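4 protein chains.
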Amino acid sequence: MINIRTDLALEAKELYSEKTTSRLEGVNVNEFEEEDIKITEVKITNQAGEKAMGKPKGTYITMEIPPFVQYDGEAMEEAAQVLAKQLEPLVKVEKNQTVLVVGLGNWNIVSDAVGPKVVEKIMITRHLMQLVPDEIDENIRPVCGISPGVLGLTGMETGEILKGIVEKIKPSLVVAIDALASRKMHRVNRTIQISNTGISPGGGIGNNRMKINEEALGVPVIAIGVPTVVHAATIAYDTINLVLNQIKEFSKAEENFYSFLGNIGDAEKERMIKDILNPYVGNLMVTPKDVDMTIESMAKIIANGLNISLQPALTLDDINTYLS
Amino acid sequence: MINIRTDLALEAKELYSEKTTSRLEGVNVNEFEEEDIKITEVKITNQAGEKAMGKPKGTYITMEIPPFVQYDGEAMEEAAQVLAKQLEPLVKVEKNQTVLVVGLGNWNIVSDAVGPKVVEKIMITRHLMQLVPDEIDENIRPVCGISPGVLGLTGMETGEILKGIVEKIKPSLVVAIDALASRKMHRVNRTIQISNTGISPGGGIGNNRMKINEEALGVPVIAIGVPTVVHAATIAYDTINLVLNQIKEFSKAEENFYSFLGNIGDAEKERMIKDILNPYVGNLMVTPKDVDMTIESMAKIIANGLNISLQPALTLDDINTYLS
Amino acid sequence: MINIRTDLALEAKELYSEKTTSRLEGVNVNEFEEEDIKITEVKITNQAGEKAMGKPKGTYITMEIPPFVQYDGEAMEEAAQVLAKQLEPLVKVEKNQTVLVVGLGNWNIVSDAVGPKVVEKIMITRHLMQLVPDEIDENIRPVCGISPGVLGLTGMETGEILKGIVEKIKPSLVVAIDALASRKMHRVNRTIQISNTGISPGGGIGNNRMKINEEALGVPVIAIGVPTVVHAATIAYDTINLVLNQIKEFSKAEENFYSFLGNIGDAEKERMIKDILNPYVGNLMVTPKDVDMTIESMAKIIANGLNISLQPALTLDDINTYLS
Amino acid sequence: MINIRTDLALEAKELYSEKTTSRLEGVNVNEFEEEDIKITEVKITNQAGEKAMGKPKGTYITMEIPPFVQYDGEAMEEAAQVLAKQLEPLVKVEKNQTVLVVGLGNWNIVSDAVGPKVVEKIMITRHLMQLVPDEIDENIRPVCGISPGVLGLTGMETGEILKGIVEKIKPSLVVAIDALASRKMHRVNRTIQISNTGISPGGGIGNNRMKINEEALGVPVIAIGVPTVVHAATIAYDTINLVLNQIKEFSKAEENFYSFLGNIGDAEKERMIKDILNPYVGNLMVTPKDVDMTIESMAKIIANGLNISLQPALTLDDINTYLS
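Protein chains in written order, with our numbering: chain A, 1 to 324; chain B, 1 to 324; chain C, 1 to 324; chain D, 1 to 324.
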């Protein structure tokens, strides 16, 4: 089957609505806006919702950031504040409890490096509490961070590495940042998804990759994701459907033909996609040319949002002074 | 009009043959193979050929390198030897004449950085002739190199910068390495095009960019290019055509419909492409996920091929010892 | 002779005063403070001054920045404003005249990379005036920039490259940023020297390197330098002198011995230094462990100072928005 | 007390011999040469040896590599073979047992990055055994690798992170690569120390850093170290001693003075060193200018040596093909 992959709950819901008109059970959607940022909260509340959406129960909050924000320092700080506000109900830890921030993905591949880039910008404090406790404000929360690499670089499942570290460090919360695939180009590098479900990898070799969630690690896991690519197969698939729909419009009069078009199935479409993307298929990514710069901006927004959220006793100015 | 962009003469010829059955005047094509590498030599010999191909008169040699080569040090050295052999008839300079190697492109964008990566690996010798002439073998050719950046980074046309340098340094030959766009995914990061025509940028803002060729610089210019991307618009365009062709096959019986399909023109296709790639269109690139590694391999092959070609008195071992 | 190298006019004056008590002719020194930054203005006014200082006639302004500044975003902006103020009397160009900013040094060597790092942060505008003149505020000055590399990387004298570019681009002013060597550790990565004399390389292979000044390029050249290293030989030399001075204090009573100590000459000291630094001597640098981070801070201060100075019609906020 | 730091057992022994003429108990030294590489094996056999050397019981093998090797690909491969031969008696694991390679140090600081650079070049195979067991030669050993960062970057002790990972992955051997400080410039970036004692950090804040050895991790730990810096304080200290020794030679006739010089103690020397290195002292490193390139060469030698040693069923050509 063709895998029109999206990691965004928002898009999973859109796909569902495209394919069927039946009511979506077990899924609540709530939309609002803050500071020009469109926020969609998708709650999957039961098994029916899980099945329809292909995602586990939980809360998924999507922030869609206007394009200009990435080129405007002040607007980026506002976006970080909005992110911090969305995180607030999810970060349920006491102020002296430890948080572990994890940057998932391969730092050698630009479009996969957003997680490691965020960790570089996180205010790391846990060691200071131990080494120089008297010089550190008691309101500062102990935060630690790591980018564990990917299976091909380390030979170890990221889940194994994290489980080992979590058992030693015993954080009260894990926040994992990852690069995602979306279905629509206009969401690439402009969207942040926050969820309290952790990360459930899937597809291809990844099938036997461990989950990174509360069940696996033993502590709550907040996942923060940024779509940085659309799979080329998705572009090709959407193109095919668009062409077919256009033709269907014109061919309604010609009954035989109309039904023929309706019979072009997924197998046929998949054959065409393979033809076009040969020899790559699975590993072709579509990215804007300036992906390097925009990923840096998104990493800054997320890191600032997390820093504000994890250190409520500090202002963003305090945090910047600490970090620079 | 939709710009199905290709920088490869080989593909320009393929596109011509797809669109028309009339004989291609003023273009000679010659195909052969060396060490598993398919080589196509396209010679554009007159104005008719220039117009049909959209490229200036001259020789364009394309090497298509089998995929395994990039993962095999020995095969990479063989590919470099094949490249050096193709360069030989084009590099018409005496052994004591200076060659300037130029790495075009933006080093901050992985898929554009192949030129600067090659220059890093070139055996730079010109200064040694001046500083320590007695220690340097008289058979070593003076070679210098620079990666001048791109307009957005420097505020200066690359052509202006190079013209200024060429007038001071007075090389007898310029070799310019650049990243290209191809039309077919299977050529990305596996193809090297060599031409004696220099580089003629075109399209968009680039329209007023200076040419980098013998006319502009006053010395012969060999261009070496590697396609590192396919434009997403090309993927979408090819998908549309594939779908239409498939349907045409099935609809031959239904005359009205067949002619309707034939009437879907470029304007209509362009509208669909914009719809799918919104809001990016022009700046969307399709790249394999491991582009970082394969570009490094291609840069190594090209640099080695150039080093062998420019320093015929040395073995590849000598060159490697010098460089490491 | 031992080369206790300093590129700072401030330190050349200190060295002079250490060695002799005779009045320093042709050199005026003026000290003041702005925003906790100590500023020393050294003016060399005639040939006697040139000879005593080992530097060409002109104005040398040294800013010594307090250590905390590099870890405080706001203090860094203040330092940039102070730098802009010092540059003002030196930047004598009309608002519509072009300025070329040049980053000297080898970007592959951290302690030599401050120039290229500054150029990355400069607001490049010259091309916009040409491409989209209607969208650009007429008060914006055309600025272009380049980091030409070093002789070993390009095979070309930096002076040759720059002369070629200057003849094509015809800027009204060149600003060249370079890494320097100082004599005292406490000035490393904390000091900025501005001069209107350009750059006159000297010592070792550099003897035949071209000057980068008004005489060579045909336009005024402002040099901005940051000492990023102390030569290890300087550390060893200062250590030897310190030990000898200590012992002299104690040995004044013992006349013979005191005169013996006085007779330990430079040749003897040089032998000891070579002994200690074997086998490196000339190429050993002493750097603080966190040189990577502090050089980044210094580059930010200089780039901001230059941006403010070159674009008087804009605020620093405007500039940051443009750059990010 | 002045900390003339050396991490090399070879130098600890030299220092001991400088300070005293009494026999060194519990330490056996054995010197030989292979392929122009001088090899010194220091065995510390009992508590007396531990105390005299300031290092735990075990075997320390030091390879001193001639300077030309780093610029000669073939000589580098020979050095890797010599390293593999030294590792052989220490790597006591069955061919199907897992080895974890750990790159210690801060990848953002060039002179500290040799460990992470080695891990990048290690043949990682463990995941292939699990994902595609049928395609993998049964003689290939499962190897995994990680560079865990440093306390300041992660907020976690490296020892904690590694202990967590080791408990999950259960390797039979850990190999840890780290940058060291030596006492003599001529050993910097030319020396490799191998030991079966693991790593015992010490000095300053490091005092409470966990050991990375068999006792801490529960599996044998081989440490491989490369001295990449000499502390500036060591340079200053050695300079002081050299000056004093020179003067003592001349002052033997003057009895009073000779005894005065003998009385200049460590406290006095420390004061002078602080004076010279002010305000840095502890964090000043002396490095050759080309440290970036030579560290890359050393990382290649160590990675190749480890790859040969860990994969005895493969040739170096096989390994290079796999890695490139």
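Treat the hints with care, since some could be wrong.
Chain copies aren't distinguished; within one or between two, either way the pair holds.
Capping the alpha-carbon separation at 30 Å, the derived lysine-lysine pairs in DSS-like fashion look like this [as the list claims (entries may be wrong)]:
| no. | residue 1 | residue 2 |
| --- | --- | --- |
| 1 | K38 | K274 |
| 2 | K184 | K85 |
| 3 | K248 | K289 |
| 4 | K19 | K85 |
| 5 | K163 | K289 |
| 6 | K51 | K121 |
| 7 | K269 | K121 |
| 8 | K43 | K170 |
| 9 | K274 | K51 |
Hints in this document: simulated from the structure, not taken from any laboratory.
These figures come from a predicted structure and were not determined experimentally.
Contradicted hints - numbers only: When the structure is compared with the hints, numbers 3, 4, 6, 7 turn out to be violated.
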